[in-house]
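I would like the entire structure built from these sequences, with the hints used as guidance.
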Amino acid sequence: MKNSHLEHDIFLLMVNLTQVKRPERILNIFLEALNSLWEDVTFRLLSADDQAETGDIVAIETMSKAFGYISIEDTTSRLTIEEHALLRNAIRMIALILENRVQEKLLSDKNLQLETLVRERTAELRQANAGLKAEIAERNKTALELRRIRNYLKEIINAMPSVLIGVDREGCVTQWNAQTERMTGIRADEAQEQKVVDVFPELQGYRDKIVQSIQTGALQHLPKVSVQLNNELHYLDIAIYPLIIEGIEGAVIRIDDVTSRIRLEERMIQTEKMRSLGELAAGMAHEINNPLGIILQGIQNTQRRLSASFPKNQEIARACGTNLQAIRTYLEQRHIFQYLTGIQNAGRRASKIVTNMLSFSRPGESGMSQTDLHALLEESLELAANDYDLKKQYDFRHIDIVRQYDPSLPPVQCIATEIEQVILNLFKNSTQAFAQNQSLSAPPQIRLQTKREPQAVVITVEDNGPGMDADIRKHIFEPFYTTKAVGAGTGLGLAVSYFIITTHHTGDIAVESEVGRGTRFTIRLPLSQEGRYAA
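Mapping of the sequence shown onto full-length UniProt numbering: residues 1 to 535, in sequence order.
One or more of the hints may lead you astray.
Below, simulated DSS-like cross-link-like pairs (lysine-lysine); rule was C-alpha separation at most 30 Å, straight line [claimed, not checked]:
no. : residue 1 : residue 2
1   : K428      : K273
2   : K451      : K428
3   : K195      : K224
4   : K224      : K154
5   : K428      : K352
6   : K224      : K474
7   : K451      : K474
8   : K273      : K474
9   : K195      : K209
10  : K474      : K428
11  : K154      : K195
12  : K209      : K224
13  : K141      : K154
14  : K154      : K209
15  : K474      : K352
16  : K273      : K352
17  : K224      : K273
In short, the hints are calculated from the structure, not lab data.
Since this is a predicted model, take the numbers as computed values, not measurements.
Here it is, written out as structure tokens:
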């Protein structure tokens with residue numbers, strides 16, 4: 001485009017030159033200059049000597065050298081004033097055109113340099129952008145992985161059955177897992193940045209332990225901490241772990257509700273104690289049985305020797321200078337026969353205890369049959385209502401009996417007489433408790449409930465009596481342990497019941513009771529008794 005403009009300007013100049021009188025001279029000079037112009041890319045600048053009247057045309061060597069143009073011989077021609085003016089204008093126009101070409105070339109060179117620099121910078125930027133994209137992609141990948149790990153760890157923490165609470169140095173909550181939400185009813189977002197003792201008051205008494213763990217960096221373990229949760233006694237295992245992350249101090253508090261474990265441990269200890277006491281009682285029963293038999297036999301022989309129905313007794317009395325009737329009269333007036341009867345009754349009672357202990361320490365297969373538990377419970381109620389000892393203490397018929405029987409309960413393989421004995425003993429205990437605490441505000445009530453579980457049937461006997469404290473409840477199944485007055489009980493009723501259920505029927509019996517809130521006994525009997533005596 002620039003060359004076409006230049007050619008157009010030169011063409012106009014040549015047209016003007018042809019109009020002068022001696023155009024051939026001017027044209028020759030002009031063509032010589034143009035030939036020098038087209039022979040090389042570099043240019044030669046010409047200038048008219050304005051001061052010379054002769055109109056010499058002289059090359060400006062200094063400008064040629066300054067711009068690096070190739071020098072040619074100086075050109076001098078003598079022209080007329082008119083020709084000189086015309087050529088001078090032509091040279092000026094050529095100089096202007098050539099100067100424009102010079103500027104265009106300089107600009108082109110600069111543009112080329114700039115384009116080269118832009119290409120280099122663009123390549124560098126493209127490479128930097130590629131690296132930046134790769135770095136961003138890597139960071140995004142890392143962020144996603146961190147988010148996945150964070151969510152994974154959060155799910156693990158929330159899936160844990162333990163209460164997990166994170167606190168900072170000031171004791172404010174930083175972590176609150178799902179189990180903590182379930183135990184306290186407080187959401188994690190509500191607990192955040194709150195004082196841990198405010199949102200978990202059960203830790204109020206252990207604030208110093210938390211501070212000590214953070215300050216010393218040592219684990220603090222608090223086993224078997226008893227607390228009241230939802231108006232129930234629970235045992236908590238509390239562990240406080242010091243935590244330092246990037247210079248930030250805090251602690252993680254792990255709390256496990258070990259109530260079931262503690263009760264199981266107590267039950268295991270109780271079972272082991274019962275087993276040991278049972279073995280001891282069986283040994284004692286053997287040792288007691290022999291002298292007891294001699295005592296009963298001696299009482300029986302004494303009564304026979306004093307009986308008037310045996311002629312031999314009459315004969316010996318006469319031989320001694322008296323008669324049997326006089327002897328009997330004396331003994332009756334001195335209440336000797338009453339003493340003998342009392343000794344005999346006590347001996348029989350002791351013998352029955354010994355027999356029961358020996359029987360329950362050696363369970364057998366006899367008597368095991370399919371039994372309708374609902375019918376058995378009704379029979380037990382009838383026996384309880386007709387028992388003289390019960391009526392003497394408290395009329396069983398005054399007790400309200402509430403039945404909640406599961407109609408789908410299947411027959412259970414058991415020894416019916418033994419289960420009946422257990423139920424009767426529970427009735428007797430409830431009735432005696434009512435008798436000893438007749439100031440209860442609510443009418444006495446015994447609630448009988450049955451239900452079926454996948455592998456067992458459950459019998460519940462619950463009363464609204466005075467209940468018992470934890471210490472009594474702990475010893476309730478121990479042999480010879482009783483809360484009754486001396487002579488009012490042997491302390492074997494519940495112990496025998498425990499052995500009947502756990503040993504004879506491989507079941508389970510448990511008690512729940514609080515002072516003033518009644519007592520509940522729960523009996524579980526397995527639906528199948530296969531292999532129950534396998535050693």
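These are the hints, each one checked on the structure:
1. Only pairs whose Cα atoms come within 30 Å are accepted, and K428 paired with K273 is accepted, the gap being roughly 25 Å.
2. For the proposed pair K451 and K428, the alpha carbon gap of about 23 Å is at most 30 Å, so the pair holds.
3. Restraint check: the Cα-Cα separation between K195 and K224 comes to about 24 Å, which is no more than 30 Å; the hinted pair holds.
4. A threshold of 30 Å between alpha carbons decides the hint, and for K224 with K154 the separation of about 28 Å falls inside it, so the pair holds.
5. Annotation: proposed proximity of K428 to K352 holds, straight-line Cα distance about 18 Å (limit 30 Å).
6. Distance hint between K224 and K474 is fulfilled; the C-alpha atoms sit about 17 Å from each other, no more than 30 Å.
7. Simply put, K451 and K474 have alpha-carbon atoms about 26 Å apart, close enough for the 30 Å limit, and the pair holds.
8. Distance hint between K273 and K474 is fulfilled; the C-alpha atoms sit about 12 Å from each other, no more than 30 Å.
9. At most 30 Å may separate the alpha-carbon atoms for a hinted pair to count; K195 and K209 meet this at roughly 15 Å.
10. The suggested pairing of K474 with K428 holds, with an alpha-carbon distance near 20 Å, which does not exceed 30 Å.
11. Pair hint K154 plus K195 holds up; C-alpha atoms about 22 Å apart against a cutoff of 30 Å.
12. Restraint check for K209 and K224: the C-alpha separation of about 15 Å stays at or below 30 Å, so the hint holds.
13. For the hint linking K141 to K154, the alpha-carbon distance of about 20 Å falls within 30 Å, and the restraint holds.
14. Taking the CA atoms of K154 and K209, the gap is near 26 Å; set against the 30 Å cutoff, the hint holds.
15. A hinted pair counts as satisfied when its Cα atoms are at most 30 Å apart, and K474 with K352 qualifies at roughly 27 Å.
16. The hinted pair formed by K273 and K352 meets the criterion: a straight-line CA distance of about 23 Å does not exceed 30 Å.
17. Pair hint K224 plus K273 holds up; C-alpha atoms about 22 Å apart against a cutoff of 30 Å.
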